[in-house]
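Student: First to last, the sequence lines map onto chains A and B.
Counting in my numbering, the first sequence runs from 188 upward without gaps.
Counting in my numbering, the second sequence runs from 4 upward without gaps.
Keep in mind that a hint or two might mislead.
[What the hints assert, rightly or not] Covered stretches of chain A (in silico footprint by chain B; criterion: 3 or more residues with CB under 8 Å from a CB of chain B, positions within the stretch not fixed): (1) 225-237; (2) 242-250; (3) 286-297; (4) 300-309.
Calculated directly from the structure, the hints in this document are not laboratory data.
These numbers were taken from a predicted model, which means no experiment stands behind them.
We put the CB at the ideal spot given by N, CA and C, even for glycine.
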Amino acid sequence: QVQLQESGPGLVKPSQTLSLTCTVSGGSVNIGTYYWTWIRQPAGKGLEWMGRIYTNGVTDYSPALKSRVRISMETSTNEFSLRLNSVTAADTAVYYCARDISGTWGNALDYWGQGKLVTVAS
Amino acid sequence: DIQMTQSPPSLSASVGDRVTITCRANQSIGNFLNWLQQRPGTAPKLLIYAASNLQTGVPSRFSGSGSGTDFTLSISRLQPEDFATYYCLQTYTTPRAFGQGTRVDFK
Numbered sequence: 188q189v190q191l192q193e194s195g196p197g198l199v200k201p202s203q204t205l206s207l208t209c210t211v212s213g214g215s216v217n218i219g220t221y222y223w224t225w226i227r228q229p230a231g232k233g234l235e236w237m238g239r240i241y242t243n244g245v246t247d248y249s250p251a252l253k254s255r256v257r258i259s260m261e262t263s264t265n266e267f268s269l270r271l272n273s274v275t276a277a278d279t280a281v282y283y284c285a286r287d288i289s290g291t292w293g294n295a296l297d298y299w300g301q302g303k304l305v306t307v308a309s
Numbered sequence: 004d005i006q007m008t009q010s011p012p013s014l015s016a017s018v019g020d021r022v023t024i025t026c027r028a029n030q031s032i033g034n035f036l037n038w039l040q041q042r043p044g045t046a047p048k049l050l051i052y053a054a055s056n057l058q059t060g061v062p063s064r065f066s067g068s069g070s071g072t073d074f075t076l077s078i079s080r081l082q083p084e085d086f087a088t089y090y091c092l093q094t095y096t097t098p099r100a101f102g103q104g105t106r107v108d109f110k
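Starting from the given sequences, assemble the full structure and let the hints guide the process.
Tutor: Quick look at the structure:
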C-alpha cells in the first residue's frame, strides 16, 4: 500500500522559504507512470494545485506560483520536496503531497499524504 | 488555463437522498476528470477518475458521468459518512485545476 507523508517546519517567518518533504513508502518514486505533486489548501478554502515533478526531473508549476516555487526529487531516499520562497501570510495553508498516476485512461490523484499545516508568521 | 466551475457551492440533504453535483470546464477536457471527497480535517480521497470510473473500494452509490465540458457526480442514497466536501479536478492538462468545491451537509 502506497503511503505519502509530509514533513517539515510548521512555522515559517514572512519573506523566508517554506520547505517541505514528502516521503513515499510502499512504492518507488522512480516509476515512469507517476507524477509527484504538491497541493495546498488555506483554512476553510478550496484546493490549489501547486506543481508536480516527473521521474525524469521535468517539472510543471502553477503560473501563479512559478516565480517562487521549486519541486525536486531524491530517488535515493524515495522523497520529493517543495520549496516556496518569499512567503507571506497568504501562503499559510495545509500542504498536501500526492501521486498523480498516468494511464491509458488518463490521470488521477490517487494517493495523498495526510497534510502538513504551515503557518507563516513572525 | 482551464477553469472548473462547480455547482452548487453547498447543499443540504438527508440520509437516503439522491444528490447531484455538477462541474463545468471552460474548454473541452474529454473525460479527463476526477472527483474527490474531503471529510473535515482529512486529506481528499479519490472517488472517480476518467469521469465515470469508480476508484477501487468506493461504494457503488457514487457515480460520475459527462464528457467534454459538463460533468456530474451523483450519490444515489446518501449515507452519514457522505457528508463532506466534493471537488472536481481536470487532469487534461497542466496546470491542473480544481473546482471550488461543493459542501454536502445535513438538512
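Student: Now look at each hint and say whether the structure bears it out.
Tutor: Hint-by-hint comparison with the structure:
1. 225-237: holds (count 4)
2. 242-250: It holds, with 4 qualifying residues against the three required.
3. 286-297: Since 7 is at least three, the answer is holds.
4. 300-309: holds (count 3)
Going down the numbered hints, you'll see the structure goes against none, and every one checks out.
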